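K.L.:
Line by line, the protein sequences give chains A and B.
Reading the first sequence from the start, the letters are residues 1 to 161 in my numbering.
Reading the second sequence from the start, the letters are residues 1001 to 1171 in my numbering.
Hints were generated in silico from the structure; no laboratory data involved.
Treat each hint with caution, since some may be false.
Reference listing, derived: stretches of chain A covered by chain B, where coverage requires no fewer than 3 residues with Cβ under 8 angstroms from a Cβ of chain B [unchecked claim]:
(1) 31-40
(2) 79-91
A short list of chain A residues far from chain B (calculated; beta carbon distances all over 10 angstroms) [stated by the list, open to error]:
(3) F17
(4) I66
(5) G67
(6) N68
(7) L74
(8) I75
(9) G95
(10) Q100
(11) I135
(12) I159
(13) G160
Beta-carbon label-pair distances, calculated as ranges [stated by the list, open to error]:
(14) B:K1104 to A:I71: 42 to 48 angstroms
(15) B:K1104 to A:G157: 45 to 51 angstroms
(16) A:Q99 to B:N1159: 41 to 47 angstroms
All values reported here derive from a predicted model rather than from experimental measurement.
In this text, a Cβ means the ideal position worked out from N, Cα and C, and glycines have one as well.
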Amino acid sequence: MLILYLATTILFIISLFTNRKKTKKALKIAFKRFHKILPAFLTMLIFISIVIYIFPQELIIKYLGIGNKYISTLIASLIGSITLMPGFIAFPLAGILRQQSVPYMVLSAFTTTLMLVGIVTFPIEKEYFGVKITIVRNVICFVIAIIVAFVTGIVFGEIGI
Amino acid sequence: MKKILKISLIVLYFLFIGISLIFHFESGEAIGKNFLSFAFSMLKIVPVAFVLIGLFEVWIRKKTIEKHLGDNSSWRGYFWAILLSGTTVGGLYVAFPIAAVLFKKGAKLGVIFTYIGASAVCRIPMAIFEASFLGIKFMLIRLLVSLPLIIISSVIMGNILSKANYEIAER
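Extracted from the complex, chain A is given alone in its bound form:
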């Protein structure tokens, strides 16, 4: 995070000294684009605040830790698709689940869909890509996540072939 700020500041200063006019234009573009997408961000934040309330961590831990591993994988991939979590929350959570001997396959389905499939980011994605392509991309990525989960299960010897 610090690197991001540092890099941006340095680039900005270099830009400012090289060409004032261009830098001003860059800021204008930044503001315009940010301003335009802001409503979609607001919608996403509303979605995510509700989704996180419905699926709190305790519930995720409870549901992924029980039952048949195939069903758990499916549930994990669905929860992962619906919710959104930064990596520094998602992976420690996955670590806790692992300690409770939740299979790697389930964890893989959860973390991969979490990152690749975004139902709450739909309002933003559709602004850029349109509804149809947004749906297609998310479906493809869901399938990819399931494949990744199965390969993980095979490699860790959790499912036999």
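Got chain A sorted already, so can you dock chain B onto it with the hints?
P.N.:
Frame of chain A, contents of chain B only:
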């Protein structure tokens, strides 16, 4: 009509949060707290990302992007897309506006979809986190299986959509 409905739903949401705060209605308070914590973590990244996008747009020539990420970039375009994705921060919500500016500068669709998919699975700080909590083996399997699938599906999607003259909106 659709817009009015949307705005009234948003107003209703904030009204609900506000009333919950006054009357200490637990679920409303929790949702409001979630909203704030996500809003803060995004506000830390998104404006900075947009400044970078702005700088990118004025300083990087279209020719450069066309050459390295465009129609004639061969496999190198995908390589750059994955490298760029490794340094992306935040998540998909940052990758989308970056994808839009790349498209405007002449990157091909297959490369752009690869960038989006890759920025979901192989951001470097996240991969480090993953390896430390779930092991290097877990991380490697995920990367080695998902990346080729992401590239293949992106190429197919890119080819179909370019033929249909599909465009990513600038916003």
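K.L.:
Now, for every hint given, state plainly whether the structure supports it.
P.N.:
Do the hints match the structure? See the list:
Closer than 8 angstroms: that is the beta-carbon criterion, and the segment 31-40 of chain A has 5 residues meeting it against chain B, so the requirement of 3 holds. Counting residues of the segment 79-91 of chain A whose beta carbon lies closer than 8 angstroms to any beta carbon of chain B gives 5, which meets the minimum of three for the stated coverage. Once the 10 angstroms rule is applied to beta carbons, F17 (chain A) is consistent with being away from chain B; the minimum gap is 13 angstroms. With a least CB separation of 20 angstroms from chain B, I66 (chain A) remains clear of the 10 angstroms interface cut-off, as annotated.
In this structure G67 (chain A) is separated from chain B by more than 10 angstroms, as the shortest Cβ-Cβ distance comes to about 21 angstroms. No beta-carbon of chain B comes within 10 angstroms of the beta-carbon of N68 (chain A); the shortest separation is about 21 angstroms. Non-interface status of L74 (chain A) relative to chain B is upheld: no Cβ of that chain comes within 10 angstroms, the nearest being about 18 angstroms off. The claim that I75 (chain A) is not at the interface with chain B holds, since no C-beta of that chain comes within 10 angstroms of its own (minimum 19 angstroms).
In this structure G95 (chain A) is not separated from chain B by more than 10 angstroms, as the shortest Cβ-Cβ distance comes to only about 4 angstroms. With a least CB separation of 13 angstroms from chain B, Q100 (chain A) remains clear of the 10 angstroms interface cut-off, as annotated. The claim that I135 (chain A) is not at the interface with chain B holds, since no C-beta of that chain comes within 10 angstroms of its own (minimum 12 angstroms). The beta carbon of I159 (chain A) is kept farther than 10 angstroms from every beta carbon of chain B, the shortest such distance being approximately 13 angstroms.
Taking the minimum C-beta to C-beta distance to chain B, about 17 angstroms, the non-interface status of G160 (chain A) holds against the 10 angstroms cut. Between K1104 (chain B) and I71 (chain A), the C-beta spacing of about 44 angstroms keeps the proposed range 42 to 48 angstroms intact. Distance hint check: the CB atoms of K1104 (chain B) and G157 (chain A) are about 48 angstroms apart, consistent with the given range 45 to 51 angstroms. For the pair Q99 (chain A) and N1159 (chain B), the beta carbons lie near 45 angstroms from each other, so the given range of 41 to 47 angstroms is met.
Comparing the model with each numbered hint stated earlier shows that hint 9 is the single one that does not hold.
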